[in-house]
Every structure is written in structure tokens, then in C-alpha cells.
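Between the sequences and the hints, there should be enough to build the whole structure, so can you do that?
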Amino acid sequence: MIVYSNEWLRNGQIDTDICIIGSGPAGLTLARALDDGDRRIVLLEAGDQHFDDKIQSLAAGEIVGEDPGYSLQEARLRMLGGTSNHWTGQCHELNPIDFETRSWVPHSGWPISASDLADYYRQARQLIELPMLERLYDADMVPRADLIDNPSLYNLTQAPALDMDPQFFAINPLNFADAAMEDISTSESLTVVLRAPVLEFRADPALGRVSRAVVQLPDGVTSEVHAKHFILAAGAIESARILLTSNRDYPSGLANGNDLVGRFFQEHVFYPLGDLALVGGNACSPPWSGSDFDFVRRFSIAEKTQREGELLNAAFLLHSADADAVLRIPETGQQMLRYGRFPDDLPSRFLFALHAMAHPTQHAYCALNSTKPSPNVFNVQFGAEPVPNPNSRVTLSDRIDENGQRRASLDWRLSNDDVNNVANTVAWLERAVGVSGEGRIRRANWLFENSASPHSGSGQTGGQYHHMGTLRMSTSPKKGVVDADCRVHGLSNLHVAGSAVFPTAGYANPTLTIVALAFRLADQIRKIS
Amino acid sequence: MSISTRDTEVAGKLIGRRAFIRSALFYSTASCAVLSAPSVALAGLRLSNNIEDLVRSALERAGISPQNALELTKEDFRKGRIVHIDGWAVSRTEATLFHAKYV
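Residue numbers (my numbering), protein chains in the order written: chain U, 1 to 529; chain Y, 1001 to 1103.
What the hints contain is simulated information worked out from the structure, not anything from laboratory work.
What you are looking at is a predicted structure, and each value in this text was computed from that prediction instead of being measured.
Check each hint, because a few of them may be wrong.
What the hints assert, rightly or not - Computed list of lysine to any residue pairs in SDA-like fashion (alpha-carbon distance at most 25 angstroms, straight line): (1) K479(U) to P251(U); (2) K304(U) to S436(U); (3) K1074(Y) to N155(U); (4) K304(U) to E1075(Y); (5) K1079(Y) to G437(U).
Here you go:
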């Protein structure tokens, strides 16, 4: 059932078996997976069922490092379903190498492997209604056919010098709240409490356990939820913030004895790399297509190449036109209807859409000159995993929100390793494409300049809204906040769900891994509760 | 080795791929207009024919067969002998072939 905090929590404390904080993809997946009638589950959501400007303003915070191109208020959503209300739905598994400890990637290595997540990834694909991985890579499927339709591009990716792996990111921007609504409405053991922001945890240091979550009610008073198990699933920034504000029982913040809470913040960036001119083929084929699902195609650097060149895991996105800008037109309309206001980046969306109008011109030219080789230049974007950086972090700002809590402050930083990797990867790509004899690379101008940061240096103005790594996973409490089971080191009944636990981020969009980890965590909780 | 030029046409010749010039034209005009399509198409065809002639004559003057030029170019890339012209990464062989006449 769904209740409001001012009614349900008003009459004193609530006792439950499991308390989940946050109703995004991680929290809702966990709640549904654990809800088998044997346990009482309370899911606390700071927002309402629908978007509310006043509630959303509580997500505001400071940005003091790299400019991600968005405000914290815009990047996170305080409403049922969390950020699944505005995600693009691109999904792919992390690659096996992402989980490894690699000598050339500082602070790399997960305490679990890709095989530990394989079954959970399948569950995640099922939940998000995505084609299974093996079906997506079936030789007869549309994505591969689309690739083979462009023989020059196919030859290039398969050339020994490149040996690139096409990666098909299936797209389904599932709204997790809508998908869960029937389960929530009919459940007798799951209670979703709206307008219930958690201010802090209270803990018993002697027992090493969290005793309760303190919840702010709309009229200014507070209430408490007591539970046997707590799961923090409020997003990488907010989860870190809640642990840091929980400083009554632990002065430096809950689980922060080793000063790791909030550190290693990571975000994905796509750098404009330049152009790829192919010998032949046809760049007029649209990059997005599919018979019964949508997908986006990326090309990743083979593991062997990464090891030999000590490169970060990365993928290239090839645009034959600004088709994505066209696709954003309906999305923009949807957001305006949902939130009742224009998106903050409306001007840039408008300009991109205008630019995309040139696409029909290119098609017309190809059609008119069918006997001649088609224009075959792709714009290349490059997305590499960020290097985990302890100085890239979330802390508490001195600014106070309406609930009297210190706001989050984001100091996102990229390192010299990120800078060097861009240069090394571009150099490798230039050589490999040249050796293949299938084309040439043109570097973007910014790559000829010395930049302190590939992010600001490229003029790239946006992160990908992927917040990761602030409560990273490690077997050692000196290197991570949670253990391999996502349990907070030193606290027996507090777990973390979501991308906050990612030690490294790969280049894949994080949601599929978030959901897979949530299914895995549900199994762990089931064993101990 | 460094060659300085702003002439995108030269880069096109060095690359020796007709696709380059026509695509470059598209990208430079793409945001302007649907109306420009006919002129772009004509310019692209004209330039591509010129480039083909220029590549052939340059190879003949240098006494290099097209196949040998390709192998030399691949070897350059393999060994990292790369020159940037207008951002395009071309092989030293490609750059040398065209350097005398066009730069």
C-alpha cells in the first residue's frame, strides 16, 4: 500500500523487519524482490507520487569541482520511481574486465566478478523488459544486420588492428514506479511511505547496529522507523549525504571511520573525439533501429588491446547524424507535461534539433547519387571509464536546507590518468584505423591542446547523470565502505544498494548493474532476515 | 614531421578518399540548410573527380604503384609515423607524396 508520512508516522515510531530508503530502481527492485509476505517492509520515499517543485528543491546542492552541466536539483528526482522518471533507458552489462584489479587503473577491482552477477543481470533484463544478451547478439538479429549493412564499418571493426566489439545497448526507459504500482497496491506486507525524507540514522556503536531512521514529517516534527535491517538506496550523492549527516553517534559520520564516505565519486563523460572517414559504405544508415526494440550501438576496445596499451575500458559512439536530437523532441514534450515546466537545457536541445534537420539533406544526397560512394564520415564520441579518484567526492555544504540539514557539496574531479588515457586512446585509434586501410581519423581541435582536464578542455558540457562510487565496495574497511555483500563495514544491519557501491564504473550506463546488484542483495537479505 | 596548412582540400587529397571531401562539405553546411543540397552535391562531385586525377598523377610522378603506396602507408601507421594535417591523421608516405606539389 501507499501512505503519506504525516498520517502513517504521526502516531509514534514504526517497527518493521526491513526499511528501505529510496524508491528509485534499486529501492523498488529490492522491495518487490523481498516482498514475499514473510517480512514487513517499509520503503521510505522523500518525494511524492508525482513531481513537486518544493520537494524537489530539497535536492539542491553545491557543485565546486568539474562542472557536470547540470545542477544537483535537476540531476536527482525526489519522487516515487526516483531517476527512472527521466532516464533514457540505455542498458548494458559491465564488461568482465571492469571487475578486475588492473595494474594500470588505480583503485580498480571489485570483490566480486562478472560471473557472480550473470544470473542477476538476466533478472534485471527481464524486469526492465529488455531482450536477453544472447538474443541481442544473435547473428540474425537486427542490430548485427544493421552493422553488416555497412560493410566498410563492419570491416573496420573486425580488422585485426582494431578488433572492436560492437556493443548493443538495448533501450527501454521503464518507469519503475509505474511498473511496481500493481505489486505495491496489492501487497499486505509492503508499505511505501511518501513525503518521508530520512534526516539521519541513529546507531548503537557498542552493538555495531543501526537502530532507527529519523524521518522528517511535512509539518516540521520528526518520527522514527525502527527495523531489523536497513537498506540505503537513495542514490550515490544522497546516500553519502545521509551517512555524513548521521554524526550523533559517530562524530565523523556513520561508517566514516576511515574517511571514505563520499570519496571516489565517478561520472561518465562522452568526449568529442573527432571524425572517422571510411573508405566506402554508407553513413546514411540510421544508428538507431530495431524491429521490436530500440538500441544504440557502441564499439568497445577489446580487452587484449586494453591490456597491451594499458588503456581504460572505453567505447566509441558513431553518429551519422544528430538522430538523437530528433529523438529527444518527444522526450522533451513528455518532460514538460510531467513537470509542468521547460527543461533547463531547452535552448541546447532546440539547437541540436535544428542541426538534425540537415539529416534529410544528407539522405537526399545519398539517394540522388546512388551510383557514387556515399559520404561516409561519422562523428566520433568517446566514453571511457573514469579513473577512481579519492579526491573526487561528496561532502556536506555549509548551506542548510528547509529541513535544517546540510546540503550536499559535489567536488567532481578527473585525474591526470584520465587526461593521459584520452591522448593514448586517440593515438591508438589513429594508428589502428590507418593500419586497417579502411579509413582515417580526424582529431577534434581540443586534442591538440594541453588541457588540465579532458572534461573542461574538450568544451564538453555535460556528465551523463550517472552518479557512482561514493560508498564503494571492498573486502577491506580501509578501502571501501561496504563489503562484497554490500553490507556496511562495522554495521551488521545496514546495507547499501545502487551505484554508490561501484568501485569502478566501466563505460556502460549503470542502471542495469544497479538492478542486478539489487536482486543479488535481495538474496543476501533473504538469507539473514 | 609537421606540415602546416589550412587547406582542407589538400587534406582530402592526402587521404585520397573521395568520401572525405563530400562529407566534410556536408558537415560544414549541415546546420545551414536543406536549400544548399544541390550546390553541395555538385561541389562534391566536382572535387571528387579532381582528387582522383591528382592522386593518380602524384603516384605516377613518384614512381609508386597504388598498391605499394598502400603498403607503405600501412607500414607507417603500424610504426606510428603519422602526420596531422587539419586534424586528419595521415601517414608520412601520404604526406610526402603530396608535400612538394601542394604544401
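Right, here's what the structure says about each hint:
Taking the CA atoms of K479(U) and P251(U), the gap is near 20 angstroms; set against the 25 angstroms cutoff, the hint holds. Distance restraint check for K304(U) and S436(U): the Cα-Cα separation of roughly 17 angstroms lies within the 25 angstroms cut-off, and the hinted pair is therefore satisfied. Using a Cα cut-off of 25 angstroms, the hinted pair K1074(Y) and N155(U) holds, with the two alpha carbons roughly 16 angstroms apart. With a CA separation close to 21 angstroms, the supplied pair K304(U) and E1075(Y) stays within the 25 angstroms bound.
Note on K1079(Y) and G437(U): the hinted pairing holds, with a Cα-Cα distance of about 14 angstroms set against a maximum of 25 angstroms.
Violation of the numbered hints given earlier is absent; every hint is satisfied by the structure.
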